[in-house]
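Asker: Single-letter residue listing:
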Amino acid sequence: MILSIQNVVKTYGNYTAVDHVSFDVPRGSVFGLLGPNGAGKTSLIRMITTITGPDEGAILLEGEKLNERTPEKIGYMPEERGLYKKMKVGDHLMYLAQLKGLSEAQARQAIGHWLEKFDIKDWWPKKVEDLSKGMQQKIQFIATIVHQPRLLILDEPFTGLDPINTTLIKEEIGNLNEAGISIIFSTHRMEQVEEMCDHIVLINKGRNVLFGEVQDIKNQYKQNLFRVETEGDLPAEIAEHFPVKEQEKGAVTVQVEEENKSNDLLKYLIQKGVRITRFEEILPTFNEIFIRRVAETGEA
Amino acid sequence: MSKLGLIIKREYMTRVTKKSFIIGTLLAPIGLAVYLLVIIGLSKYESGSELRVAVLDEAGMVRQLPDDKGVRYLASGGKTLDQLKEEVVEKQIDGVLRIPPLGNFQKKEHTVFYYSDDKLAPEKSMAIERKIAAKIRDFKVDSLQLNPKTLEMLDTEISIDPEKINGTGEDESKYTAGVGLAIGGIMTFLMFMMVLVYGQMVMRSVMEEKTSRIVEVMMSSVKPFELMLGKILGTGAVGLTQMVVWVILSGAVSFFIPLVMGVDAANMPTPANAPQIDPEQMQGEGLRIMAELSKQNWPLIIFSFIIFFLGGYFIYSSMFAAIGSAMGDDLGEGQSLVLPVTIPLILSFYIVSMAGWRNPDSSLMVFASMFPLFSPIAMPFRMAFNPPWWQVTLSLILVVLAAFFFVWLAGRIYRVGILLYGKKVTFREIGKWLFYKG
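Here the protein sequences line up with chains U and L, keeping their order.
Take the first sequence: its letters are residues 1 to 300, numbered as in this note's numbering.
Take the second sequence: its letters are residues 1 to 438, numbered as in this note's numbering.
Bound-form chain L, shown alone (with noise of 0.2 Å):
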């Protein structure tokens, strides 16, 4: 084996053997799916124990409400306003619900009053605004003898449908644009994560092989390049294990949490009013986010991840080596070295968040997805939406040269900055190392 190949097999080996790595492969997935699991059923749960309040219902526009959410409406039984609040003050109810008379219909606006010295939780509030406004809907309806059912057909939908006048372009449908969202929104934390972890890993194992003086001792037998190279690929190679372990591990998740949470929902008491959904919409809905998602061009989506990855991971990761090399055994002292190669990546990852999802192909996301330092962040965004494929290509071109540059001036860097002892550095002498001979 040649001895970039043992370095690289050594990096590799020792990473992927250790606990803490399995375990955290392992668990991010399932991880995942306990967030998700918790989200659900977090949306699902009421928070508090249930509100007992009397409706005072003064123009008798609402009559009987039926309790949900926690809530339970009982009737005034011909009590008065005073006769409530002393319950409230007992504690026999929890508060008391005014509902004064409507007056004209043309009003917009109807304020009802909620006696009690507890705060009322927001969810709770606007439940009851939602039950009252719905009651007082119904009890116009009534007074001015209107049909319901006419009154539905007035009520339509809209979704817009964008259709290409030009191109050849998939048709896209309403979703285009959020699955687009979704996907790009994940990749781009992904990749982010990934570079920036895997980077400072290589940083830190840079430091450590400076500190505990074997690097000496390795400098006897390959060239610090060798050295550099090695540890870059054999620690990208972990990292690039790690997405292949999640997304298998993660395609197993959301195939098995639909079902799980799918007889959960079943067996859920269904809240009488809750706004009804079709069965059949909602399959539908499901349905087209599917298609909208089998739409996309997965294999140049993965592929065009994983240069963008490499690309990404080979900049950074170097600088990282580089930083790691000059900085010696104390990390506080080398957080200044770091900060300017955390900052482009923090940089790109703020433009994609702020910029990215408002109009993918802005002036300033176009520009951020064709530079170097941001693009590995910034296109891989911005492939979900069907950039022009020359932006594509050219940003590829440009990050694979960028790679070699960056990897090739870190070796500069690294090959002085890891002989260097005990020497607190600068980035002017940094800039100095770049024109020692070898």
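Just chain U, same shape as in the assembly (with noise of 0.2 Å):
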């Protein structure tokens, strides 16, 4: 475990942000923290990354209570992110990296390291104000992670980003993950959940509705959908045998009752002598089961 959550509690006045929250983050994985707006995934980064504490619960950065070290292991690319427009950017990373605890010659080499891998060497005199928008991601995303943190924790990190950009920082982040860094992921965007997480939490109303692998939480969640596509017409009697949910020219999507029913759907189209050319399981994308949850949870 890189980051346990331990039945943490954080109010603001009256308001109740995070409400008994508990959830591990395995070591090496690419985590994903999802959750509508206002459900509380603020509060709880704001919380692991110390800038603030939790009222009740505990939370523990491997093994350890966070502490003043802590923000040295971790690297925090926020969704509302910025940086001193009239800085330069050589002296702008300097000095996040050394707020980072990096000494002025391990910064400096960092930095070199990161500017020369990114191909904008000569950058370092430039004003930051002087860089375009996706310029400046990229000078962020290079001060999240020049400390070399154990912990990478990214909201929203492709708002803004061109597809170029977006490719660029992807790749980064699985070259990142592949040397052994935990990346925890804030997004609202479900298709980037599937192609990148491999657990996730999800937040709503400040509780913790949904918690694990990705696989497994799809299997939970599917419903036996089989869709079947043909060449030719399907019987026209399908209907009668099994519960169609869709069906459209050469293709039909069924309901079995288990999940092993769904040979007897084969048998009975061979039989039937249909020429089947596409078989497969209608698995629930991430963003039917977050609005599932998220309504049976209580809406946000």
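Treat the hints with care, as some may be off.
Stated by the list, open to error - In the DSS-like style, the derived pairs of lysine-lysine whose C-alpha atoms are separated by at most 30 Å in a straight line are: (1) K133(U) x K9(L); (2) K18(L) x K127(U); (3) K19(L) x K85(U); (4) K170(U) x K126(U); (5) K170(U) x K121(U); (6) K432(L) x K86(U); (7) K424(L) x K88(U); (8) K133(U) x K3(L); (9) K18(L) x K126(U); (10) K121(U) x K86(U); (11) K86(U) x K3(L); (12) K126(U) x K73(U); (13) K65(U) x K223(L); (14) K3(L) x K18(L); (15) K127(U) x K117(U); (16) K85(U) x K3(L); (17) K205(U) x K424(L); (18) K223(L) x K86(U); (19) K117(U) x K133(U); (20) K432(L) x K205(U); (21) K88(U) x K18(L); (22) K65(U) x K86(U); (23) K73(U) x K223(L); (24) K249(U) x K3(L); (25) K86(U) x K9(L); (26) K3(L) x K19(L).
Derived by calculation from the structure, the hints in this document are not laboratory data.
Hints are included, so try docking the two chains, each in its own frame, into the full complex.
Answerer: Here it is in structure tokens:
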């Protein structure tokens, strides 16, 4: 476990932002922190990054209670992010790196490494305000990881990025993850969750409403839907034998009562002499799971 | 370097390397010098063109009046008032001055008449009155056959020299109060300006950090209190730097200005009838003011000024920082939040400028110099008047305690406000923030 959230509560006045939330982030995972707006994601992240402290419960990073050294182990790229516009790129990165506990020499070396990697070595003396938004995002990303954090927290990292930079940052996130850095990834973009995350937690109204491995959750939420594509027409009476969810020309979606009943469907179609071109189980998208779970636990 | 040190360094360096700061710091004393030169120049400047006035001296009291201050006096040459008026209409002359006979010598007042359709400038009117009064005095002295030398002996100039009965205080002279007022006034004004300007600089900088969203990034590395304190300390150091540069530069300027103006004055044509000041006496006056200045306890004044500056600056800039953190992007909307911070500052300046100069030891001034929101402005004013030492000490202690309290209070507000977006904030709400847990 890189991070363990244990029964954490955070209130602001009468408002409970985080309500007895517990979950673990496995070491080396890409972990999705999901939830509608106002669910308590930011409150949770602010506690993990030691910006605020929990009212109740505990947060452990690598088995240790959060402390003064914690910020040095965490790289945090907030959704609301910015840089000092008047500062030079190099000075700015030096400043942020040193605040994360690097010595001047270490900071200089690490920044040089990253600027070279992104092929932007000559940006050092440029002012931040003279850079385009995409360029600033690159600097922001470097600032987040320059001190080699153990845990990287990215809050909507791709908003405002063009496709080229998105791909670049995605690749870098992948590389960092392979190098053993655990990543918490907060987003509402469910296709990114499916693409990148192996574990998720879903927060709604300050509570943990869904937690686990992405594949497990998908299996848990599947509805035994199968889609068949055929050449030529389907048997007209198929709806009498199987509950058809959706039918169009040359394709049908069927919900079987049990998972192993899917073979019955195949058998039936083969008996009827239908030429099958495609047969697949339809797993729920995360978008659907998200919406279902949020609806079940109350609107945000 | 510690995190706080890094923050202070950044806040300091970004400000002192700004062009506007360098220009402002260097130009302000030069601007002051130019201002002084202009003031001095203006005082020597004579307004308008020369006025040609015919003098109709009906009683033969003034005879020939020497020209001065842009007024040329012409003899009437036996012309009548109507003839002279005609000349005015024809623009040969600008006006006619008719001096009726005096009659009774006991009369203290006498009216002379000026005929013209143009308005007589106050400056010229006063010059003419002075001139005629002097001439009539001479006329009276003459007519009464008095000895002018004897009369001069009657004039005695009085000045009060305060002497202490008890206590060991320095002997005071008639210049003590004036010099004290000047020193106190300059310090009060400087203090007021510095606290206001640098306090608002902190506020703007906090707002910028919030609106540019850098603050969220910063918060994951440093504690809100560290960031706020670093900003206040770094900006305060900029203020001190500016003051030190100003003190040095104005020292240099005030050394060179008299040199420049001295040369200038020697070349000026002296008006024949200008009140003659004995050069020796003038020098004596300057020396006495210098002596009075050197009598002041400068180390104590400067030391307490710096402490009061730091105290006042900490109190007000921390409040400005708190307000800035609560405010967000819209300065206009936040104006109602700024006002409660600026009001005590302006009030203290008002108290000093209304009550301080009348009596620096009045009960209102004593209160103002104790109350920590006012004392940074009010106490430095009193410092030049040798206030009781226990009052100075108490005031210093109070201002330092208040500074700690306000920085702590501001920290409680700042840590919540700085991370709150898109919400219109009221004082009620800010009050609640004070009790949020960490």
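Asker: For a quick check of understanding: which of the numbered hints are violated here, in increasing order?
Answerer: Numbers 6, 7, 22, 24, in rising order.
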